[in-house]
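Colleague: One line per chain: the protein sequences are A and B, in this order.
Under UniProt numbering, residues 1 to 206 are what the first sequence spells out, in order.
Under UniProt numbering, residues 1 to 258 are what the second sequence spells out, in order.
To be clear, the hints were calculated from the coordinates, so they are not data collected in a lab.
We treat Cβ as the ideally placed atom computed from N, Cα and C, and that holds for glycine.
Check the hints yourself; a few may be wrong.
Said to hold, decoys possible - Listing some non-contacts, in silico: residues in chain B with all C-beta distances to chain A over 10 Å:
#  : residue
1  : Ile14
2  : Ser22
3  : Pro33
4  : Asn53
5  : Gly56
6  : Pro98
7  : Ile133
8  : Lys158
9  : Glu205
10 : Ser219
11 : Val225
12 : Lys228
13 : Ile245
Stated by the list, open to error - Label pairs and their in silico Cβ distance ranges:
#  : chain 1 : residue 1 : chain 2 : residue 2 : range
14 : A       : Ile108    : B       : Glu58     : 29 to 37 Å
15 : A       : Leu19     : B       : Glu210    : 22 to 30 Å
16 : B       : Asn81     : A       : Val206    : 37 to 45 Å
17 : B       : Pro51     : A       : Tyr90     : 35 to 43 Å
18 : B       : Cys68     : A       : Ile110    : 51 to 59 Å
19 : A       : His28     : B       : Trp152    : 39 to 47 Å
20 : A       : Leu94     : B       : Phe251    : 52 to 60 Å
21 : A       : Phe48     : B       : Ala105    : 51 to 59 Å
22 : A       : Ile108    : B       : Ser157    : 45 to 53 Å
23 : A       : Leu19     : B       : Tyr154    : 38 to 46 Å
24 : B       : Gln224    : A       : Thr117    : 40 to 48 Å
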Amino acid sequence: MNENREFFYRRLHSLLGVLPIGIFLIQHLVINHFAAYGSGSFNTAAGFMHNLPFRFVLEWIVIYIPILYHAILGVYIVLTGKNNTRRYGYFRNLMFLLQRITGIVTLIFIAWHVYQTRVITIFTQETIDFDFMEAILTQPFFFWFYLIGVISTTFHFANGLWSFLVTWGITVSPRSQRIATYATLLVFLGVTYLGVRSLLAFGMGV
Amino acid sequence: MEATKTKQETITIIVTRQNDPSSAPYEETFHVPYRENMNVISALMEIRRNPVNAEGKETTPIYWDMNCLEEVCGACSMVINGTPRQSCAALIDKLEQPIRLEPMATFPIIRDLAVDRSQMFDSLKKVKAWVPIDGTYDLGPGPRMPEKKRQWAYELSKCMTCGVCLEACPNVNDKSDFIGPAPISQVRLFNSHPTGAMNKGERLEALMGEGGIGSCGNSQNCVQVCPKGIPLTTSIAEMNRATNIQSFKNFFGSDTNY
Chain A
1 MNENREFFYR RLHSLLGVLP IGIFLIQHLV INHFAAYGSG SFNTAAGFMH NLPFRFVLEW
61 IVIYIPILYH AILGVYIVLT GKNNTRRYGY FRNLMFLLQR ITGIVTLIFI AWHVYQTRVI
121 TIFTQETIDF DFMEAILTQP FFFWFYLIGV ISTTFHFANG LWSFLVTWGI TVSPRSQRIA
181 TYATLLVFLG VTYLGVRSLL AFGMGV
Chain B
1 MEATKTKQET ITIIVTRQND PSSAPYEETF HVPYRENMNV ISALMEIRRN PVNAEGKETT
61 PIYWDMNCLE EVCGACSMVI NGTPRQSCAA LIDKLEQPIR LEPMATFPII RDLAVDRSQM
121 FDSLKKVKAW VPIDGTYDLG PGPRMPEKKR QWAYELSKCM TCGVCLEACP NVNDKSDFIG
181 PAPISQVRLF NSHPTGAMNK GERLEALMGE GGIGSCGNSQ NCVQVCPKGI PLTTSIAEMN
241 RATNIQSFKN FFGSDTNY
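Based on the sequences and whatever the hints tell you, model everything.
Modeller: The following block contains the structure:
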């Protein structure tokens with residue numbers, strides 16, 4: 001494996017994006033969606049996740065380390081590409097560019113999101129519950145920041161899922177790749193609905 | 001813009017020129033007398049015959065590469081009106097004017113429109129894109145290839161290393177060492193050959209090396225621009241599958257992985 005380090009790093013990057021990061025994203029947004037049923041429902045669901053045994057280990061193994069790896073190699077991938085959508089405006093090339101843009105936006109969003117909900121709260125000793133998120137998302141700036149961040153993340157996940165299927169040699173034929181485009185579009189719409197619906201619950205009280 | 005009136009008599013060509021590999025590029029405009037059935041190459045030959053630019057000043061003839069003149073060698077590839085393609089197959093009557101000619105700048109530029117595609121030939125060597133049969137004695141006939149498979153493989157064998165797919169690929173550039181789509185498809189071709197398949201693993205190993213298949217970002221421009229209509233993205237996905245299996249075999253498998 002030593003000689004094929006780059007290949008291994010790139011494959012690991014692709015794998016981590018879906019497993020565990022993609023799975024975690026869906027889980028996270030499903031839990032958030034409890035906000036749509038009221039603050040009590042959300043607090044129970046978030047409290048359950050918060051009180052999972054070995055939470056610290058789980059967070060580092062399933063969330064922080066994979067995202068950090070994916071982000072660092074991702075920035076390197078962005079920097080070694082030379083976008084050419086102006087000359088080659090094909091659909092997949094636009095997706096290629098959007099994947100890179102949303103990758104960077106998502107990185108900024110997640111960095112801030114973790115800082116705001118996980119890092120400062122260590123010092124302020126605040127409990128992260130419905131009221132905590134409501135206080136953030138009722139500020140128009142943060143509502144829009146989160147809205148863009150969440151949609152960017154779900155796009156990056158859904159489109160990344162399409163590339164994942166190609167990278168792992170699952171969708172080889174042009175037909176299967178085309179169908180995967182529609183399937184991942186549905187994934188995008190579904191996951192985005194979960195995220196945006198919870199933002200509306202926190203920010204608009206609906 | 002007298003070009004509209006005299007469209008049938010003169011053609012306007014704007015060439016991106018460069019004197020040597022390290023000097024700065026510049027544009028030069030030419031008016032070329034129109035003849036029927038001209039292609040970009042015959043227009044360039046006309047300029048070479050009478051190297052005078054649109055301002056009436058004598059200039060150096062344009063330097064470009066060409067060979068077969070029937071779109072099978074790939075040597076005369078250049079960017080014509082924004083699209084990388086072969087200049088021999090680019091008919092003047094079918095091009096919008098003024099015609100803009102640029103070199104395929106993803107490659108090192110030798111001079112004017114001529115580029116150095118040696119990196120592609122180096123990649124073919126790297127992935128061992130051939131069937132090794134040389135030896136000290138006659139190996140006899142190899143296994144037969146089904147006719148249907150031969151017809152399919154023929155499509156992949158149409159690759160002429162013209163470089164158009166590398167020019168269109170956002171991941172082939174001076175910041176990356178990605179070998180590009182063409183050699184990946186060649187691995188698929190030679191690995192599907194009954195005799196070539198005997199060295200399958202070696203080619204897959206090469207694809208897993210530095211700048212190999214892992215650097216593909218699935219922009220799929222290659223399949224859109226390939227002048228031979230080679231299913232490059234299908235080849236890449238197929239080789240993705242094959243290299244993954246090879247890497248699992250290498251890691252988890254026994255010691256019989258040849």
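Colleague: If you test the structure against every hint from before, which numbers come out violated?
Modeller: 9, 10, 11, 13, 14, 16 and 20
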